[in-house]
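Since the structure of chain A is already known, use the hints to place chains B and C on it.
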Amino acid sequence: MNWLIQALNGFSFGALLYLLASGFTITFGLARVANMTHGGFYLLGGYLGFSVLRWTGNFWLAMLASGAGIVIFNFFFERYLIRRTMDNVLAQVLLTVGVTYVIADITLMIWGSDPLRIRPPAFARGPIELPFDILYPRYRFLLILFGVIVGAVQWILYKKTQFGAVIRAGVDDREMVSAMGINVDRLFAIVFALAAFLAGVSGMIGGAFLTLYPGAEWEILVLALVVVIVGGLGSLEGAMLGSLIVGLVDAYGRWLLPDFSYFMVFAPMAILLLFRPTGLFGKEH
Amino acid sequence: MQQRQWIYLFIGIAIAALIPAFLGTYWISLLLQILIYGLLALSVDLLIGHTGLVPLGHAAFFATAAYTTAILQVRHAIPSIIAAPAGVLAAVLLAVIFALSVRTKGVYFMLVTLAMGHIIWGLATSWVALTNGDNGITNVPLPAVGPVEITSLKEYYYVVIVVVGLCFPGYRILIRSPFGLTLRGIRESDSRMDSLGYHVAAHKFAAFVMSGFIAGTAGVLYIYFNRFISPDTAWLHVSFDALFMTIVGGSGTIIGPFIGSVVVHVMKNVVGTYTGQWLLIMGLVFIATVLWAPYGIVGLIRRLGKPDEAAGDPEACGDTAPTEGA
Amino acid sequence: MDQIAVELVGLTKIFGGLRALDDVSLRVPVGERRAVIGPNGAGKTTLFNCIAGSLSPSKGKNFLFGQDVTALPEHKRIAMGLGRTYQITNVFHKLTVLENVLLAVQGTQKQKWLFHRSVDSFPGSLEKAREQLARIGLDHRRDLPVHQLSYGEQKQLEFALALASDPKVILLDEPASGLAPSERQRIADLILHLPGDITVVLIEHDVEMALGLADQVAVLHQGRLIMDDKPDAVRLNPEIKEVYFGNI
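Residue numbers (the working numbering), protein chains in the order written: chain A, 1 to 285; chain B, 1001 to 1326; chain C, 2001 to 2248.
Same shape as in the complex, but just chain A (with noise of 0.2 Å):
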């Protein structure tokens, strides 16, 4: 049955990548802001959710920390750094990699270079057994079923209330909602510190079955923004089915494959080149 492994290998995957991609999606979508910061955002939440695991012992003071801390330093990143780049999408790109090239290098000296693992609570720890005799490691499974839930928040928020209709409205036409008398500043301010506690606590998710270390921000950021880019800029549904397809490929493709797996990510993408170079969700802007 090693192939409905290798499919829950890729929900699992697909719905750590889902926490990053829907936030930068829907941060790009509403703010036109490509914040590249993500990565970045992925591995120091992930180190600072490590840290406080260590000293407390509690998984979710420590989750609770790596979010939060990465709400607090985006709320100044994005008030200082990134308004004075507004619109200008290449000194965006520049100013959010060299933010990111500052934050590797922080980590590097605070936790050093070598592979940190995250542990999990005691509850997600060993195996879980599912139908057809698969064991597999309950810390996966879980996270499948976090971001399932994750998702489905998401969507409720986004499509059934009104917050999200007027952020529906923004990503549809900014100037409009704005016109409206609606405080388009705050509206920004929720969704970044939305989109940057994801970002923070899927480090430490992932910190805990993928290990953090340098060069990890960039790695997980690529396969983000490929499901970003299948899925289509703007669009959440996008970057739910985007994230089941980079996770089921990326999964497939190591096991098929395996020296080619980075490439197998490739397929998708090409193919959405070709024939809806602007995702399969996305919107013509």
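Hints are computed from structural coordinates only; laboratory data are not their basis. There's no promise every hint is true.
Said to hold, decoys possible - Below, computed lysine to any residue pairings styled on SDA-like, alpha-carbon distance capped at 25 Å: (1) Lys-1268(B) with Trp-111(A); (2) Lys-1105(B) with Pro-268(A); (3) Lys-2094(C) with Ile-1028(B); (4) Lys-2076(C) with Arg-2027(C); (5) Lys-1105(B) with Ile-271(A); (6) Lys-1105(B) with Leu-2072(C); (7) Lys-1105(B) with Arg-174(A); (8) Lys-2110(C) with Ile-2198(C); (9) Lys-2094(C) with Lys-1268(B).
This structure is a prediction, so every number in the text was calculated from the model and none was measured.
What follows is chains B and C alone, placed relative to chain A:
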């Protein structure tokens, strides 16, 4: 105007040619890095400064060319006369495939090229049978063409001076040509160019492949200089460095990317002697550039020279406007 | 039998729930000056976008000189001899005035692909560009970046861009909007003096100007063509008055 530029070029080449007489291997090596990475940055700027596309994965072409030449020379003992052009060709072929990316614009293009660049790094790391993985390929010989054999770094230095020196007028003609003007029109407005009769996608494709050609040339120059290649050469930092060089030096100009290369390499060498935290410094410099010198050094100098033009756009006074009777 | 320059058959364009164009059929013979008028939102610019090819119609067909161009991309239609201006100036702000016109001149020529010779080495194109500029009185400002031009000058440049490729059909989208009276007169003169073998389709909000320049007038209202007749007939028609003049 044109005469002045030729004079600058000759002075530059003359100075560069004299360096080995006065300074040692360290400086020759530094200059070689500046020239080679400057050429890579130039290839990036063909797209940024003249086509309006921001590629984030050009290290892919650089590394592919270098790996190809390295593998041919080291493993198959193929002479430079074939291995070198083969390297450039490999980069061009990769560019043809990756040119799929020009079907996207703006941020999409950046993300797609970033991913494509990273994929090449991934291949370099995992396709061990071909690339030797993280151990890389060593003992790449210096180039030799028939009876002419390069035997030292100093001699190779002159080869690079000649090649890069030839690139200057070549690139200048390219950007001042009707095709170059077309690219700048595309940079300003895709849709307007459509309505003037241009097949925009085809021009972007051509520009992308040309850019790959230049990056590949830089890659071949690199491998004979470094004589060793590993996946590190395909890592994102190399692409970002090239991007930074064109911005800090001055996008849309010919000398800008090379000035940027000087800045980066001097920084790395100076910073490197005091601290190992060069990523931190680079990051801070990126940030500082964005905040205080978004038009780069060339832009700053222009702005200082013409304070009343501060309202205008430095790019508009670049050396790309046609002048009649020149 | 007059050759037909532009023909639209049952052209319909639907955006979401909105019918921007509804079953529009039009025939413009070669050499005619056809005005398209109608209140805001009538679909005039959408019509132009469909004719030029920057928009694909939802239904219907599009012919240029008898050839079915419905599926032909915009740049190929331009190569067939089409030129257009935009209501909101769509010029290249960071390039110089001369570069703007040069781009327009070489747009329909193979020369645009050459990369081994400088633009300066094509005196024919430079001459042509300067001619165009002289005609609109901007030759002396040719080396200025366009963003330094006044709005009126940019509008004139827009006009020159459309003409630079020697089109056989030219679509003018409100060429005089936003201009001072003297500038409007200048544009009107330029349009009047266009060669007789060029077909001109003109959207103009200034109804009097449109009626004065046109051989025939098409009236659009909420995406439908409600009248297509001589200027005098349109001027006197009470229904048109209500739809259009009543809105002013």
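For the pair supplied as a hint, Lys-1105(B) and Arg-174(A), confirm whether the alpha-carbon distance does not exceed 25 Å.
Holds - the C-alpha atoms of Arg-174(A) and Lys-1105(B) are around 20 Å apart, at most 25 Å.
Does the structure keep Lys-2076(C) and Arg-2027(C) at a Cα separation of 25 Å or less?
Holds, at about 21 Å.
Holds or violated: are the alpha carbons of Lys-1105(B) and Pro-268(A) at most 25 Å from each other?
18 Å, holds
Need the status of pair Lys-2094(C), Lys-1268(B): alpha-carbon distance at most 25 Å?
Violated: Lys-2094(C) and Lys-1268(B) sit about 35 Å apart, past 25 Å.
Distance restraint between Lys-2094(C) and Ile-1028(B), which requires alpha-carbon spacing of 25 Å or less
Not OK: Lys-2094(C) and Ile-1028(B) at ~40 Å, beyond 25 Å, violated.
Given the hint that Lys-1105(B) pairs with Leu-2072(C), test it: the Cα-Cα distance must not exceed 25 Å.
22 Å, holds
Just to be careful, I want the Cα atoms of Lys-1268(B) and Trp-111(A) compared with a cutoff of 25 Å; is the pair within it?
Distance of about 23 Å is within 25 Å: holds.
Compare the distance between the alpha carbons of Lys-2110(C) and Ile-2198(C) with 25 Å, and conclude whether the hinted pair is satisfied.
Judged against 25 Å, a Cα distance of about 23 Å means the pair holds.
Decide if the proposed pair is consistent with the structure: Lys-1105(B) and Ile-271(A), CA atoms, cutoff 25 Å inclusive.
17 Å, holds
Hints 3 and 9 from the list above are not met by this structure, while the remaining hints are.
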